[in-house]
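Here are the chains, one letter per residue:
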Amino acid sequence: MEEKPNHKADQKIGKVFLVFAGICIVALPLVVFSAITYAPKEIIATVLETASFDFDHNGKTIFEKYDLISDAYLKSTSTGRTLSQYYSRRQYPGSPPEIPHPVEAHGITLGCLTCHASGGWTESLKKITPVTPHADLESCMQCHVRPVTDTLFRAIDWRSIPPPRLGRSHLPGAPVPIPHDLQMRGNCIACHVGPGTVAAIRVEHPSRGNCRQCHVPDLQVEPFRR
Amino acid sequence: MPFFSYLAYPKPGAKQALLNDLTTLDHCEVMVAENEEILILVTDTADEKKEKELQKKLNKLKSLQSLGMTFGHTDEQTKDRQKE
Amino acid sequence: MDISRREFIKLVAAQSAAATAGVLFPGISFGAWEKLDLSSGRIKWKKTPCRFCGTGCGLLVGVAGGRAVAVKGDPNCSVNKGLCCVKGYHSIQVLYGKDRVTEALVRKNDKLVEVPLKEALDLVAAKMKETIKDHGKDAVAIYGSGQWSIPDGYVASKLFKGCIGTNNVEANARLCMASAVTGFLTSFGLDEPMGCYDDIDHADVFITWGNNMAEMHPVLFSRMLANRKSKGHIKIIDFATRTTRSSQASDKSILFRPQTDLAVANAICYEIIHNKWVNWDFVNKHVSFHKGKTNIGYGIEDHFKFKDKAETVDFEQFKAFLKDYTPEKVEKISGVSAQDIKYLAALYGNPDKKVTSFWCMGPNQHTRGTWINNLIYNIHLLVGKISTPGNSPFSLTGQPSACGTVREVGTLTHKLPHGVVMKEKARQLAAKIWNVPVTNIDPKPTYHTVEMFRALDRGDIRLMWIQATNPMVTMPNLNRYRDGAQKEDRFVVVSEIYPTPTYDIADVVLPSALWIEREGFFGNSERRTQHNEQLTPTPGNTMCNSWQLIEVARRLGYEKQFPWGRETHIEDIWNEYIQFHDNPKHRMAPYKVLQARSGVQWPFVNGMETKWRFNPKYDPAAKGEGFDFYGKPDHRAWIWLRPYEPAAESPDSEYPFWLNTGRVLEHWHSGSMTRRIPILHRAVPSSYVEINADDAARLGIVNGSKVKISSRRGSVKMPASINGRGIPPKGMVFVPFFDEKHLINEVTLDAFCPISKQPDYKKCAVKVERG
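Chains as they are written, first to last, in our numbering: chain A, 179 to 404; chain B, 1154 to 1237; chain C, 3 to 773.
For the record, the hints were derived by calculation from the structure and aren't laboratory data. Ideal Cβ positions, reconstructed from N, Cα and C, are used throughout, including at glycine. Some hints here could point you the wrong way.
[Claimed, not checked] Ranges of calculated distance between the beta carbons of each label pair, as one might list FRET restraints:
id: 1; chain 1: C; residue 1: 203; chain 2: A; residue 2: 393; range: 28 to 36 angstroms
id: 2; chain 1: C; residue 1: 233; chain 2: A; residue 2: 403; range: 45 to 53 angstroms
id: 3; chain 1: B; residue 1: 1169; chain 2: C; residue 2: 707; range: 37 to 45 angstroms
For reference, chain A alone in the conformation it holds in the complex (with noise of 0.2 angstroms):
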């Protein structure tokens, strides 16, 4: 797939992408499945974590989260996000990101959760409403903000990590480990599973509600030694 496109095909163009689109339709599962368990050599950055957490880091939480999620929502797919429009509201991996709609100015809390706390379909915005992993917390505008310029007071040096790299399988098809830590994102289902959620982190096996049966913290710690 790496040539110049090729303008003697021009004339079939229709054709070849009736078949094109359909290779797509049947491989963007594949490809968001490989996306999520390709294994890379080598792993840039680790994250040496607090040993703060209980010691099922919160399990009981995910396990409690997915009884509470329908099984139409589970199997749903459209989409209308992507990683970088995740990340781009974001300014560094993990921060609380913007609000990227219009909000009622008097408002704090209620309405964020009418949609976000359960996510489907916004009619005013048109869009499918991610939900938040943390729908206990009410006090929404406490860390989420709406930007209203895109000018800054003035400039700034910021710099911050790469996002957790995609698909760090340790060994061939085994499962990921959770590349992310799990504070404020206790609930796997949120981001992970249904149609409000970003393609190339979506798990394909949305049934299987015991999420930490198989994907496990990476807390990326020493090698256990005796």
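Fit chains B and C to the known structure of chain A by using the hints.
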């Protein structure tokens, strides 16, 4: 109305130049990868004639190493389907 | 083909390309920020208290390649339990503004020019010597901050009070916490809250007094909301002068006319007594009654002096005093319906409900600030709801170390790290620990903050060193004090991190290391001391404020008092400082403990923190049964007879509006830090004036139109906000003060509480016109 998307590979060291070149072309939208030498190009032309003109222009870009097509769509597809 | 379908196809096209790219280049990113080359390989997470408000959230800062790159809440810190607010999450970006002050600057031919740091420090020392020689020791002053790290304030106090021998030491906490301090001292004899944030998890009812916690203390506010959500029966009552985000999230919002909180508080006490809700067991054993002076003035004139005098009275006299405050009478004064007053009284009076009151700048920035603090304590004391989990009159702070550095170290004109300068015993202790002759320490206080800037204007003070604060944005009646500071023969030294309006008037600018670029300690609202180590390198020639002071002290000949090495001075200073508090009422945790934990609450006695003071179950300094208010000689908490008196300046026919000022969630203090954080600036790029829709319609003002607000002191033009984030009642406008382009403090009044000397930023009279 043909739509295509490509992975655009710049000549070595020419990522910025390629970005500049592509953004000046009509019917082109570009996304730059932050951490790899690669760009995403989405084209959206009015008809096949315009599409051909664009392809010619793309071929002439000095900063471009190669294009890998990842998606294609024309209205012909829809019409074909309607016939069936 | 319609636009949305077209956009959809393009989106799918882009996504399939991105998905393919993701296969070929795992981890490929099309994100918005510049990625750090992580050759260092690892992120290390280190604890620190947040740099912003007085809540004192614990943060974990991710450090990689010598830079702070990410933040998460510290789950080990009981303050915030792993959750921050938008300022905390983006706080580290404050280190990286491109206009950071990294070199020393000296004014030459009316321009600030870069000089070697040593030259600037030499100049500061030489000027101080010269000023003391020509005009006396009381002609030099230091004006610090509740954003000072504890060692900064300690070193400043030791240098100015102990070595130079002047009590010209003040801090901006005078502008935000002084009434809280005098409230505590008059009611309990000891500063700082008896309770702690754990009260939030125990209380059944929260009543917030003039306090928009949803924006000012968002982490504590959401902790209340979380409790309400999980328990169901909890009530949050917002008692305020304007409708805010907090009002919206509360179960009930009650509005009162500015200044009439005094009357309502008394009416609540009247109702409690009238309905026989008094906790007599508690009152008989633990409370005494007192009255002070009335008609005490407003301090608008220079050289204003006031000294209160306490007279002991009894319950019957208190009851007689309250006759003027029946709910029906107070309804007329306050605009709060008698029914709502009775509702509030019933919440406080219900023996089955645990009640926590919160307040911050509303009662503190008040020309009767000490009184309204006393009055809230009166209510809690009458019903005995104090010093037990969930029963808590809780005074919040606005700055990260207003408690730690200003109130505990005592960086105010009348204070020493332990006790007041007027007391010989306190001077002796300080002289001993500081290794100076006791005669060095002047027994007479000099100027409180407003009077200090007046003295600078008059010429009584010639040299002022300002650290970690921005008075040229935050002083009330700003025009006078800016002109004063710029007069001939005035010399202003400013330790700063960014160019600000205060930097603009400086004769010398010293570049300061900021927050996690240096080791230090903060002390938050709940008596919690929090340590941070240095996490990132100091940029350029920046130096921490403590070390700047030490460098100058040594140049003034005080090497003996400031002997510490650069590497260990923060630990050495801590070890010296805590000798002042070495008693069970105030003992501080040792350095090693603070290093290891995410904050420790004092008194720290026998390895235990004290969560509830004055209660022998929790407080080792308290003796006997029930409670022991050991701060007062009679071991009782004092109920004060404090009347309602009007504000210093009220609306009239010429200036018909109240002006109220404050903050917004996104910006903190004068905005010099938060405005440089992209997401915060983009959310609130400029200040504005909130105006009631009815007033706006009458004046022909629409959302966004320019409005001119003028008082007898100055005027400012800014865009109008109608039905925005906050909604003032008819006859009031509200302006956030963070914006140096719209200096609302040129309009505010420098009237203050005669007891605490804290100015009232919430009430003055203005007129409002289309601009």
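Q: Note whether the CB distance of residue 233 of chain C and residue 403 of chain A lies within 45 to 53 angstroms or breaks it.
A: 47 angstroms, holds
Q: Just tell me: holds or violated, for the beta carbon distance of residue 203 of chain C and residue 393 of chain A against 28 to 36 angstroms?
A: 33 angstroms, holds
Q: Take a look at whether the Cβ-Cβ distance between residue 1169 of chain B and residue 707 of chain C falls inside 37 to 45 angstroms.
A: 44 angstroms, holds
The structure meets every hint from the earlier list without exception.
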